[in-house]
Amino acid sequence: MNLRADFPLLANDPGLHYLDSAATSQKPKVVLEAIRDFYETSNANPHRGAYALSVRATERYHQSRFRIARFLGVKDSDCLIFTRGTTEALNLVVASWGRANISRGDEIVITALDHHANFVPWQQLALEKHAKLRVCELTADGRLDLDCLRGLLTPKTKVVAFNHVSNALGTINPVDEIVRLVRSNTYAITVCDGAQSAPHFPVSFDSLGVDFYAFSGHKMLGPMGLGGLIGKRELLEKMPPYQTGGDMIEFVGDERTTWNVLPYKFEAGTPNAADAVGLAAAVDYLDRIGMDRVLEHERSLMSTAQRRLESIDGLEIYGPLPSARSGVLSFTMSDVHPHDLATILDGEGVCIRAGHHCAQPLMRRLKVVATARASFYVYNDERDIDALVSGIMKAREIFGYVPT
Amino acid sequence: MSDPLTEARRSRPENSAEVAALYQEIILDHYRRPRNKGALEKADATIEMRNPLCGDEIALQVAFNGDGVSDLKFSGRGCSISQASASMMTQLVKGKSTEEINAIRKQFRDLMLGNAPDADDSRLGSLRALSGVARFPARVKCALLAWNALESALAERAS
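Heads up: the protein sequence lines correspond to chains A and B, in order. End of the first sequence sits at 404 in the working numbering; the numbers just go up one at a time, nothing left out. End of the second sequence sits at 159 in the working numbering; the numbers just go up one at a time, nothing left out.
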């Protein structure tokens with residue numbers, strides 16, 4: 001797979017080795033062109049104008065929703081609500097469903113693998129409502145401990161929130177098993193953070209079985225500022241609005257207001273139509289490659305990277321074996337702090353992430369302050385791994401690594 | 001508008017030599033064998049600070065006498081830049097007056113922010129080894145972490 005030429009930023013800078021796609025992906029030319037085309041041919045406020053241009057804007061916005069819903073296996077596309085991204089989608093669930101359904105003494109289960117975006121909103125809701133927050137612990141190799149989860153589930157459990165794939169370790173969580181456990185022991189809803197799964201392998205919301213699924217377009221070749229929440233219709237119908245304002249109303253009286261239907265009830269204000277068009281172009285691009293091939297490509301890069309990094313003396317890799325991981329490799333290198341490693345790699349044109357990856361609860365459990373993280377996507381190839389390895393060797397040299 | 005190639009390359013260090021120059025031996029030495037690391041038996045001020053970006057953390061303890069700092073120690077975890085900066089700082093400011101410390105602090109900050117390249121910086125002593133950090137905006141906060149803690153300690157005392 002050689003797609004580098006499709007990505008202007010990478011094509012313009014042959015010496016750059018971008019290994020931070022878990023943070024955000026690069027954008028192919030077709031996506032940038034689709035956004036430009038929207039503004040050049042269809043720009044007007046959707047749902048507002050009685051003129052042809054506004055109708056065109058509205059249609060392109062709707063077509064994008066159908067397209068993205070099809071990509072994510074959602075038959076009922078009204079149940080796909082556009083948000084700014086995963087963070088806003090999760091906050092929507094907490095603010096709307098959570099405020100209406102959580103009360104004193106209820107229990108909320110989250111996991112030690114969660115990103116702050118699926119951790120902090122629930123923690124704050126629990127504080128506000130005097131509910132109990134329970135954290136599912138991990139196995140030694142960085143997978144969710146399902147026995148621990150089973151033990152946390154009680155008749156008081158109202159929500160179980162978890163991620164499909166850990167952004168910090170790459171662990172792929174067994175959604176089927178989690179949903180089965182939750183269903184057979186509680187009446188709780190399940191909330192799945194899909195920011196790291198939707199970009200990397202085939203996902204079908206309808207067969208996943210979770211009640212809510214959140215995703216970010218910018219991690220799957222789309223523009224920044226557009227993602228979504230997918231929810232079960234029966235839950236979304238009953239939920240109060242998240243934000244109020246234009247477009248989300250049916251009738252506004254002086255005393256009270258009635259709400260528009262799904263998905264508009266949750267999309268107050270002018271929608272981000274141009275970026276929805278951009279994301280639709282991104283999923284077209286991904287489908288042309290084929291999500292099975294995306295997965296296969298990352299798997300192959302991961303096993304090569306794992307093999308080569310494992311052979312470096314003093315280097316420790318976190319998380320389960322590559323077969324249970326998505327395209328994320330989290331590691332530390334003896335006494336070279338991840339932040340120093342990232343600076344030295346930067347000098348070699350290699351972009352990696354260093355830090356806590358917005359997962360401080362996880363870092364505490366791993367007993368590290370930070371890790372270095374390399375993550376892979378469709379445009380990466382073995383040359384990126386070569387550059388990563390030689391950068392790590394350079395860091396060892398600078399820091400005068402002495403084998404213990 | 002410049003061409004995209006130049007634009008893309010401007011954002012990263014020109015070459016690996018610049019990175020190698022950042023990691024001078026004295027910095028690595030302070031990182032490996034930090035001076036004044038630990039806790040004071042009796043501290044007048046204890047300040048904890050974190051760099052939320054990378055998780056670096058520092059706890060700085062300061063003892064005052066008369067108009068100055070009589071002793072100080074730090075603990076915490078972080079990268080070579082934050083640890084070396086803290087270590088050198090404790091060596092340099094111990095026994096100095098608040099006024100002297102504030103002058104050094106300001107000069108070091110200017111050095112990090114790239115504001116004072118030709119001023120006489122002899123009073124910064126070994127801290128001058130950190131001057132390369134100014135070329136790495138993402139790392140300036142690491143170098144300033146201990147100094148911000150010291151600033152808070154001095155402010156706490158003044159109030």
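Calculated directly from the structure, the hints in this document are not laboratory data. Among the hints, erroneous ones may be present.
[To be verified] Simulated pairs of lysine-lysine, DSSO-like, Cα-Cα distance not exceeding 27 angstroms:
(1) B:Lys94 - A:Lys367
(2) B:Lys96 - B:Lys106
(3) A:Lys238 - A:Lys367
(4) A:Lys367 - B:Lys37
(5) A:Lys132 - A:Lys394
(6) A:Lys156 - A:Lys238
(7) A:Lys129 - A:Lys158
(8) A:Lys232 - A:Lys132
(9) B:Lys106 - A:Lys394
[To be verified] Quick look at which bits of chain B chain A covers, simulated, 3 or more residues with Cβ under 8 angstroms:
(10) 21-33
(11) 75-87
None of the values given here were measured: they were computed from a predicted structure. Just so it is clear, CB atoms sit at the ideal spot from N, CA and C, and this is done for glycine as well.
Tested hints:
no. : hint                : in the structure
1   : B:Lys94 - A:Lys367  : 33 angstroms, violated
2   : B:Lys96 - B:Lys106  : 15 angstroms, holds
3   : A:Lys238 - A:Lys367 : 42 angstroms, violated
4   : A:Lys367 - B:Lys37  : 21 angstroms, holds
5   : A:Lys132 - A:Lys394 : 48 angstroms, violated
6   : A:Lys156 - A:Lys238 : 21 angstroms, holds
7   : A:Lys129 - A:Lys158 : 13 angstroms, holds
8   : A:Lys232 - A:Lys132 : 25 angstroms, holds
9   : B:Lys106 - A:Lys394 : 34 angstroms, violated
10  : 21-33               : holds (count 4)
11  : 75-87               : holds (count 5)
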